[in-house]
Structure formats: C-alpha cells, structure tokens
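Protein chains in written order, with the numbering used here: chain A, 1 to 1410; chain B, 10001 to 10117.
Misleading hints may appear alongside valid ones.
[Stated by the list, open to error] Once the Cα atoms are required to be at most 30 Å apart in a straight line, the calculated DSS-like pairs of lysine-lysine come out as:
no., chain 1, residue 1, chain 2, residue 2
1, A, K671, A, K690
2, A, K1272, A, K1391
3, A, K1213, A, K1261
4, A, K1321, A, K1263
5, B, K10048, A, K816
6, B, K10063, A, K1205
7, A, K735, A, K661
8, B, K10048, A, K1261
9, A, K777, A, K671
10, B, K10063, A, K1177
These are computed hints drawn from the structure, not numbers from a lab.
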Amino acid sequence: MQFEYSPYIPPLLIAAIVSAIVVIYAWMRRSASGALALFVLAIFVLEWILSYSLEIMGMGLETKYFWGVMEYIGIAFVPYGWLIFSIAYSGQERILSRRFLILTALIPSVTVLLAWTTRWHGLVWSEYHIASQGIFSALEVSHGPWFFVHLFYSYTILVIGAYFLVRVLFQRKGMYRGQIVAMLIAVLAPWVGNALFLTGNSPIPYLDLTPFAFTVSVVAVAWAVFGFHLVDITPLARDSVVDSMREGMIVLDVRGNVVDINNAAARMIGVPVADAIGKTADDIFSPWSYLVERFRNILEAKDEILVGEGEAKRRYEVRLSPLQDQQSQLVGRVIMLRAMDERGLPSPRFAAEAATSLNNEHTTSRPESGTKSRGWLIDFFLVTEQSDLKIPSGVNPNWYRSLEQNFTIALRIGFPVLVIGTIIASLGGSPQSLILFLMNAMCGGILALARRIPFRARAAWAIFLVYAVGLVEIIGFFHLAGGLLLFISAIIGAILAIGRKAGLYTLFITIITLFFLEWGISQGFFAPQALQSSTLIEELVSSFFIFSSIASGVYFTMSAALENLNNSWHLEAQAANLLQQERDLLEQRVEERTHDLAEARDEAVIVSRQMQKYYLAIEQSGNTIVITDTNGNIEYANPRFEQTTGYSIAEALGNNLRMLKSDHQSTDFYKQLWQTLSRGNIWRGEFLNKRKDGSLYWEAATIAPLLDQAGMITNFVANKEDVTESRQAQEQLQKLSRAVEQSGNTVIIMDRNGLIEYVNPKFSELTGFSPEEAFGKSPIALMNGLGSTPDFSQDQWWLTVNAGGIWRGEFRNHRKDGSVFWESATIAPVQNHRGDVINFVEIKQDITEQKVLQEQLQKQNEYLSILHQVTLDLLDRREITDLLKTIVDRSAVLLDAPFSELMLEKDGVLMVEAFTGNQQSLKGDRVTRGEAILSWQAFDTRQPVVLDDYSTWEHRREIYAPGKLHATVDFPVLAGNRCLGILALGRSQPGYKFTTEQIETGVLFARLVALVLDNANLYDSAMQEIAERKRAEYLLLESEIRFRQIVENASDIIYRTDMDGNFTYANPSALKLMGYTREEEALGRNYLDLTTPEFRQKLKRFYDHQYLSKTQGTYYEFPVITVDGQLIWVGQNVQIILENEQVVGFQSVARNITQLKQAQEALALSRDQALDASRFKSQLLSRVSHELRTPLGGILGYAELLQYKAFGPLTEKQDVALNNIIESTHYLTNIVSDLLDEAQIESRSLGLHNAYFSSVDLCEKIKSTMSTLANKKGLTFLVDIAPDLPSEIYGDITRLQQVITNLAGNAVKFTREGEVSVSLKRPTPTYWSIEVRDSGAGIPESERQNIFEPFRQVNNSITRENRGSGLGLAITKQLVELMGGQIHLESQIGKGSLFAVILPIINAPGEYHG
Amino acid sequence: MDKPLALVIEDDPQLSQIFTLTLSDLFETETIIDGSQALVRLSEIVPKLVVLDINLPGVSGAKILSTIRSDTRFHATRIILATADSRQADELRDQADIVLLKPISTIQLRDFAERLR
C-alpha cells in the first residue's frame, strides 16, 4: 500500500487524537453513568476517522477500496454506539438488556459484512472508482440497495437517540443541560455533513464531509468532557457540593430507599456510602429503628435526636424536606443530619472555608488534581499545575480554569507537531508554507509555554493564528473545507476562551475576510491555485453564503449554550450561598438557644433555691398539705399526710383524695365544696375522713385553688389540721349533756350560793316542779314548801362540798303534790381550771322503793340470824342423838310449830329419829310407803308438802291424833340430790298457816339439817382416818430412817439433782468424792462440774436424752476429776424423779469403776492381739496347705498317669513301685490333712458348715468308704440307725463323716477279726449319738486318759499296720467338742472298744425344726 | 462326633499337664495358667468343662468362678474346682459343680469329668 500526504490529514488527525483522548478518558471513568457507552461510541468514531484518513492518503484503487470498506465498521456502528450512549446517559439503563444490544447490533453487523464483500455482490457499493480534485483524491462510489437500508436504519436510531437526549435536556438544568447541548452538537454535526455529502451538496465534489464534521463533533465532545465533565459530572458534582459538607445528607426515594448519601452521613450512621445506596432506610438505620418509626411518614420536620450510648452519645439535628419534581410530585425526601455536640458542631471558620471552596476552589478540591506527580513529561502535556488565572466576573471559575488548562494542553501537544511540520516544510516545501509553519511553531511555542501571559491574550493570539492559517488556506486553495473549518474553529475558540463579543467580532471578521477575498477573486485581483474559472461566480456566492450561515449558526448555538451554562452556574452558586446562609443562620440559632438555655438554667437554679425554702416549710409543717390536680388526684403530699392518714406518700401520689372519704358526710357537703372551689374561691370546712386502717378522724381543711396566668385552675392546695381531738371533746360534751338530759337520775346544778341554776327533765317528772319554778330557789326550800331559803351554811353537805369534797347522803323531800319521797343524793363541787368552785352538781335518785325493800330485808335478816344461831348450835353438837334432838327443837322454834319430827330414810322405810317432847308416841315409829303419804310425797318430789289442816285430812294417821294437828309441812332433807329424810312440822293452833317465807326458811333449814348430818358423819370418819394416818406416818418415818442410814453409809456415790443438774442431795461418799465435808457445800453445785470439760457436753446429752425419752433407768460411764485431782471413772445408774407425771430431777447411784475400766481396756487389747495372731495363723495355714498339697498333686497325678500307661507300658516291678508311690502319697496326704485340721482347730479358724442332712445319707457314705477297707481285712462292717433318730439332722456332714471315718478307721485298723459297727442312736430326746464298736484288742486303762491327746497311740509303737499321724482321735475329740458334743470311750481288754459321740439335736438358727 | 471342650485353668505346669493328660481322651483341652488370660479366653469360648484352680496369678479363681456363674452363656458349663485349701473349698462348694481337694486323684477327676460330660 502506498500513501500520500493530503492537506485534509491534519484536521482529521487532530480529530482522531481528541477521539482517542475521549476513548481513554471514558474508559477511566467507565463506572460513571453513560461513560462506557461513550467509550464505545468514541472507539467507533476513532475507527471511522482513522480509516477515512488512510483512504484519503492511500494511493491506488485497491488501497482506497480496502480502507473504504474498513470505514464501515465505524459507519455502521457509530449510530449504534450513539443510541446506546444516549439511552445510558438519559438514565434509561434498564432498556439496555443483552437482547436489546444484540438485536440492535444485527443490522450494523450485516452492513459491515456486506461492505467487506461488496466487491462480489455490489449490495453496498454497486460501482466505485477514484475521483480526484486537485491534490485531493477519494473513492467515488455508487451505492447499492443495502446501503439505503443501513442509511434508513442509522437515521432512525439517530433520531431515537436524539429524542432521549432532548427529553433529558428539558428535564435537567445546569451543567447537565450544557452537556446535552454539547452532545447534540457533537452528534448532529457529522450527520449534517453526511447529509450534505450524500445529497451532493458538498462544497468539494467527492469529498465526504462527514469525517470533517467529526472535527466539530469531537470538539463538542471534548467540550462536554472537559468543560462540563461529561463523564464524571455526576460523581464530581456530588463530591464537590455534597461531600464537602459536614452535614450528613441522605436522599430517600418515595419507597424509602437510599438513592444518595454523602460521606458525612455515611460516617454518622457508620455505613460505607457504596453499601448504603440502594438499601432501605430501615436497613441503614437499623440501630435506631425508633427514629425510623418517628419520621416514617413525616415529609418535613426539624428535630433533635440523640443517638448512641455513653461516650458515643451524639446529638444531631435532623431536617427532613420533601423532594419534588417539576410537576410538584413527591419523588423522595432529603434528610439532613447535623451534629450538635461540641465535637460535631462545625465552627463558623470552617463554614466560611467551605463556602469559599464552593465558589473558587472547586477544581482544586478534586482529589486527583495537582497533588500527584506522574512524571514531568506527562505533567507537562497534561498541564497539571495551576496558573494564577484571573477569572472574569460572571464566569464559572471551574469552567474557565478548565478551559485554560485544556487550551494549554492542546497547544503543548500541537507545538511539537508544528515543529515537525516546520522541519518537513524546510526540507521540500514551498517557502510560503515554510514561513507559515515557522511562524505557527514559534507562536504556538510561546503560547504553550508562557502561561504567565494572560489567558485572554494568549487565546486571542491563538485565534488570530487559526484565522491566519485559515486565510492562507483559503488564499491557497480557495474555499476548500480546511480554511473554512479553521475560520469556524476561530469563532468557536473566541466564544469559549474570550467571550461572546469576541466570538461575534471574529464572526464578522471572517465573513468580511471571505467577502473581500471572493470579491478580490471575482475581480481577478488574485487567483487561488486550484480554482476552476468556469464555476467561479456561482461557487463564490454559494460558498460565501454557506459559510456565513454555518458560522452564524455555530456562533449562536455556542452563545446560547454558554449563556445557558453560565446561568445555571449562577443558579448553583446562588443555591450554595443560600445553603451557606441557612447554615450560618442555624448556627446562630443554636448558639442563641444554648445561651437561652443557660440563662433559663441559672434562673431555674435561683428559683429552685427559693422553692427549696418553701418546700422545706411545707415538708415540715405540722399540718397536712396536699396538692391535687383539678380532678382531686394527689400530686404532692407532705410527710404529715403519712402520719395523719396512714397512707404512704408513694401510695398517695396519683390517687384521688376521695380515698380518704369516710362516707359519713353527705354528698351535698362535697357538692358544695366543689362548687366553691370551681368558682375559684377558698373553701374552709371540716372533713370526717377515714385512715388507711379504717379509723375515722376529723380534719379542719382550707382548700385553695391555684390559678395559672390565664386564670385557669391548675391545682388545689389543701391545708388540713387534725381536729379529731377537739371534735371528740365537743362530742363528748354533747353526749354528756344528753346523758344528763335523759338521765334516770335527778340532776340539779346549783350556783355558788346553793341556788338552782338547772334541773333536768327527770327532776320535773319526779317532783312535779317545772324548771322555771325551781330556778333561783334552794332545793331544800323548794321541796319542803318553805317560803324562804333556810340557812344551810352549817349543814354537813354544804361544808363538805365547799371544802372541795363530795357529799353523799339521803334526803326526805316532798313532791309538789305534798307526797313524801326519799332521795339519795351526791353533791359535788364543779371547779374551773383555776380550781375555784363555780357550781355544785347534785345527782339524786328516788330511793323510796329501796327504803321499803330495805325494811323487808331487815325482817328477813332476823330470820336468817335465827337460822344462823341454830346452825352454830347444831355444829357444836358432836353426839348424833343430841344433835337430832336439837334439830327438831330448833325447827319447832324457828317455824313457830310446836310439833316437829325428823325421819331418816333407811332401807325404804322412814325411821323417826327425833321428835319434840310432845310427841313421845312417835318413838320407834317406822313409816312405810302408804302410811305417811305427805312425808313420802315430800321424799319423792323433793319439794316441801304443805297441808292447811291435818285434823280434817282424810288420810291422817291416828298416831298424831292426840296432838290435834292443823297446819303441817313436810320438808325433804336434801343432801345434793339425795334425800336423807323428812323434817315434819305441825301446828296445833287452828287456822295458823305456814307463810311462804316460813316455808322458804324451812327449806333452808332442812338443807342445813342435811349439811349438819353429813358433817357429823364426816367428823366420825375423819377421826378414824387421822388415827390411821398417824400410824402410817410413824411407820414411814421409821423406814425412812432405815433407808437414810443405808444411803448415808453406802460406799456408792448417791446423789439427786434438780432439772438443771444442780445437786439437791449428795451422800457422804459423793461429798467425799467432790471434796466437801458438809452437804450444804455441795447443794446448788452442778453435777457437770464433776467431769472433765470435754465430757460435759456428752453427759448433758445423756441426761437430756433421758429426760426427753422419760426412760426410767439408764447406765452411763464418765470420768470424774476428784478433789485431789485424780481422774477416776464412774459408772452411774440414773433414775428420773417424777412428781405428778412431771420430771423434776434425777437420782443417781454411781460407783468408782476405774479398775474395772482398766481391766476392760487390758482385755480389749489382749483380744485384739489374739485376733491378730489368729488371723496371721490362718493365713499361714492357708499358705502351708497350698504349698504342701500342690506338689502332692503332682506326685499323685503323674504316678496315676504312669499306672494307667499314659506314658507307655510298664514292667511288673515298675507297676509295684508305682503302687507303693501312690499308697505313700495317699498316706502323706492324710497326714497333711490331719496336720492342717489340727492346726486349724488350734488356731480356732476352723468353722463348721452346718446344714440339714439326711441321717441315712450319712450312713450310706460311711458304708461306702469303710466297707471296702473292712472287707479287705476280712472284717464285718455294720451300720445301723435307730428308728427314733430324726431323718434330717442339722450339722456339718463333712466333719461328722470325718469323725466317724476316723473312729471307724481306727477300729478297722486295730481289729484283727470280728466286726466293726457304727450305730446312730437317740439316747435322749435332745441328743443323738454315734457309737463305733469293734471287737479289737481293747485299750488298756492307763492309755485311755491320753488317747485323745495329739500324737498318742497305744504303746506309742509305730508299726506299718497302725501307722498314722497320731492326730486322728485328737482331731475327732476337738471336732466333737466344736459341735457341742462329747466323746466317751469304753473298752475291755480282749473284748473290744466302744467310742460313743453324743451330740445335741439342734435346729438351724431362727428356725424351729420339728 | 467332636469332643467337647475342657478348659484347664491351673498355674502349676505339672498339675496342668496332669489334668490335660487325664482329660485328653474325653475332651478337647486347652490350658491357661493366668487368671486374667482366662477371663479373656472365656469371653471367646464356651467350654463344656472348666477345671479351675483357686490360687491363680492375675485374677483369682473365685472371681473367675463367679464370672462364669453370672453369665448365661455358660449355663451348660460344668466347673470342677481344684484347690489346696479346704476352707476355700468349703466356701465355694455351692458355686462349683464339684470341689476337689488337692492332691487330686486322676482316676477321680476322670471319673467326675466323664459324668459331667
């Protein structure tokens, strides 16, 4: 491929570089909204530009064709990228699904594929060839059908994208709007160019204006990017404005989700910004959910909140304000948080700084600017350092700063290009272009490096250079696009860098320049190089107008955009200022409020001190003071309240005063109280209230309403005094006066002179004198009808009462009607508090009736005195006959009845025991039932029976005939319920009846008789008893003396103690032990003192136990320290002493048991030792047993195995030898067994294993073991059992077998011929026996004694025949004795021997065995 | 028919051999000389007959005896107790099937063993 230089390359190259910068920038900011889309778009644009540049520069059709189709990547995808960008930028990201992206990319992809293959199908280009215009050559193509599809599609999505941006344009303001305008320019420009090119209206034939339009486009993008921070406006704006605030800001949408939050707020709530966004308010405020609840549905609020605990506690001011869109629809809420405490409170200085930075230091606050060095070369080209720029007023400083910076960057990048261009031009270019380049390079160098020159000047200079280059271009090539574009660039530059006016001037200058140039050309003053004269005029005119209109359009658009930008910046600045002002205001308010609060607090302190005094006064008041609310609920009560009511203050608070209501006062009373109070008046009155314990009390209360400033009642204050006492006194007085009024007694009050002042109604009732008649008179005068007051000054009563005493006496007075009555009177002086007598009170009682009764009583008394006399008389009689006689005589006198008899009941008959002298005929009379009917009636009914005239009574007895009895009475003589007999009385005087009183007297007398009779009997028996008692006492005394002698002389210690353990008696032995000589010394001492201190508690417990269990006798041993300091042991028997079932003490007989104790201890010691020895022996035995028997087992075992040919056949001799070994082993075994048994018995470690066994079994076993042995010797062996032997015997069968085997074995051994027999018998019912009889040689007399001793045999001879351990009989004897039996031996020399074992028949323990 | 198993638990090697030889034509015999080993082995096998010494190293014969008697696996196991101590013999008589006091006659042992088989 070959390429050539084209004059269109520089602008394309610049456009490509800017595009590349945009690509890089957008990539670095790809996280921002729309940045990624912009990146894609810029990539495609870059591709297009580069491909087009190469197409233009390419030589030959093939090269141009290749780059021409390569352009289609950009051509096809730029609209696609544009669509995505505009959608993303307008915030509609959700549209951009993967499917959407793929579908929309479908047609562009097809376009690209078709373009690359169009050579073969012509769907995109149907024909193409190179078209040249001067030095410019490009492809000229005829478009195929697909191209128009692509075209249609591209324009469609262009329009759609434009729609999104325009929509956003009208919704947004400020910088965002500026961005959109820039973007619209950037995108519309290429399409305008494209449209011109496609419609053939391009000023230069074949030249595609589209890429050139990209210059505009890219400038616009650059403008948006660097001027308005296209890509990072959102985060930057937020960072700079919001994050610089110390106040926390949180933006919530309508659903309560966090859509934005600044650093300060994130710090306050402790959640990173990135985490907080998108969460609900509930989530991020979860530690303070109560706050969320508090502000949940509130749109606008201002409040203070407290967050955290302890050290972390912070006070925040919270401001809530609604966020609304342009239609005033609620879109969310803004929460502003501001720390209120000292640490969080921003200082005014800081606020000022913040304001400054908002206005001026905007760009410097960006984190990446200026602070970080990235190498001097990059720093140089990217112009990171700041210049001291003078910013004209009314211009956004950030914008202006950025403009200057980017201007410098462009120049610094452009300067080397110009230098290179100059070098190339100097090598082969025309001198004209060399000069141009040189000039440009020099100027560019100065402008790029000399930042100290004011920006406006530099900008003007640069614009002039652009203008100059454009002019040269136009002069050289006439109106080829390059020159015109430079002109337009100059205009735009002027507007941006210097201002609208500068832009306007430049516009005019360029238009005028062009006009003059064209005029010059048309006039032929000069001719551009490549001008075709044929089309001169028309082209001049049309190109002039096109330029003019484009330039004007650019100017106005730019102006409008700038204007808009500035306006929005102003608005923002204003808003920032407002924010600041509001913040300052708030600050001020907080300070004011703090100050106010401090003042209020000081004031409150003073007031509270004042209040404290009043409060103390109220607290300590003796009156009850209660403050209630308007409903009567207690808000305060002083301590007195507690004392008065019994309710604690805690109980009272909040309760209604009604709780004290006793319900004894009417509802009207309370109604009146409330009416008074509710009118605002003070109420005074008395309450009858009820205490907590239910008691009532009176309170004098003053209740005053408390009014607030508005005159409304807020509280009631009750000041109450307990007046119960005075009230009670008053009531008492009332009661007393009522008592006097209603008294049944006469009450008269007299003055100091004894004249009546007051009489009670009873007086009038009694005497008939009205009070009026009585007043002023003396009672004596009044009631004795005396006209004047008599002189009573020496009367006894007057003297008594005047001396301050109380006089009691009786008066005989007259009523008004003259009748006489008796009065008993009490006259007392009444003294005032000084003790002066001021009145006299006379209380009188009508005693007229009493007087009458008294007289009757007197008569009765006379009777009684007679009775008394009689009684005394009777009691003196000791002789029963005399007594009875006296009774009848006295009764006759007492009842004034000459006939009297006394009958006593005996065996169902009334016997006459005594009678008056005039009734001798009665002597010995025995009255049976049916004879003396009246007497029996009295006897049966126990009531006196009275008859008025006996002489005329039909049942009268003739025995009484001589006496002429008339009135009779029969009294039963009653002793309790028992009737002893009858006292019968009779009168001889006709018509003289017994009065009721006389009968009553008679009844009393009859009782007396019974008493006297009883008494007489008692006396007799008492005399007898006394005689007996005397005898008994004598005997007792005698016995006591005896016992005392025994006790006193006893060597045992005998003492008694009381319940507390103090001695009440101690015998001489006890005294001696304690070291006393006389009993008195010991008495009162405590028995506990006797023993050692450590034993006292035990001894005490012992007594306590005996006392509690009331055990009669116990025995206890304890140590005693004797008087000489010796420790002895005492054993005592203690009895409790009982009196009336109560334990009153202890009685103890103790003995010195020291020696006994010592003996016991010695015994215990030796027993322990013996036990130890026995245990040792037993272990030894066990061991020996094992050691002896085990080897025997080996010998026997192997021998037997040999014998049974287990190890092979044996010779006859070997067999014999083996037999000998086995026999010897058996023998040795027996000896060992015997020795061990003996040893065991010796060591008393042999135990019997008793159980029931069958006696027959025993015999069978004996038979089976012994028969063989006996038979071997040719002896007869017999076993027999006596029929009366129990079939089951309790005992140790093994040992019994051993006994019998031993005896029988011996018998067999020592018997040569005859028989050996074993018989089991039962000689007595409680014993059984084993008899072993033989017909052997017998045992000589001399040997019989020793035969049961160990190692004894008859003759002591040891032969093969009778060899043995010599222990057999010894063991047998010991075993038998162990079983509780005996062994006997009977023997006759030559005849044989008999060993008899006698054993008791025993039962298993705890069991009765028949 | 297989011969039943007899376990001879006896620490004296000679006696152990004697018992084994005595029983060998009636039983499959196995000898153990240590008490604790015996318990281990008994957890694996159920012998028909156990000839048990009392004085054993490790675990005592009395303990082995009570272990066997308290385990239902050994309900058919017969035990001949061989002891040198007559008192121990008396004490354990109830738990063992037969108690033999050492020295033990092989004739007797064989006789009893045959009967118990």
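To see whether the hints hold, each was checked on the structure:
Restraint check: the Cα-Cα separation between K671(A) and K690(A) comes to about 19 Å, which is no more than 30 Å; the hinted pair holds. Taken as a hint, the K1272(A) and K1391(A) pair is honoured in the structure, with Cα atoms around 22 Å apart against an allowance of 30 Å. Distance hint between K1213(A) and K1261(A) is unfulfilled; the C-alpha atoms sit about 35 Å from each other, more than 30 Å. This hinted pair checks out: K1321(A) and K1263(A) have alpha carbons roughly 16 Å apart, not beyond 30 Å.
Restraint check: the Cα-Cα separation between K10048(B) and K816(A) comes to about 141 Å, which exceeds 30 Å; the hinted pair is violated. As the CA atoms of K10063(B) and K1205(A) are separated by approximately 36 Å, the hinted pair breaks the 30 Å bound. Taking the CA atoms of K735(A) and K661(A), the gap is about 25 Å. The hint holds against a cut of 30 Å. At roughly 29 Å between alpha-carbon atoms, K10048(B) and K1261(A) fall within 30 Å of each other, so this suggested pair holds.
Restraint check: the Cα-Cα separation between K777(A) and K671(A) comes to about 51 Å, which exceeds 30 Å; the hinted pair is violated. Pair hint K10063(B) plus K1177(A) holds up; C-alpha atoms about 24 Å apart against a cutoff of 30 Å.
Hint compliance for this structure: hints 3, 5, 6 and 9 are not met, and every other hint is.
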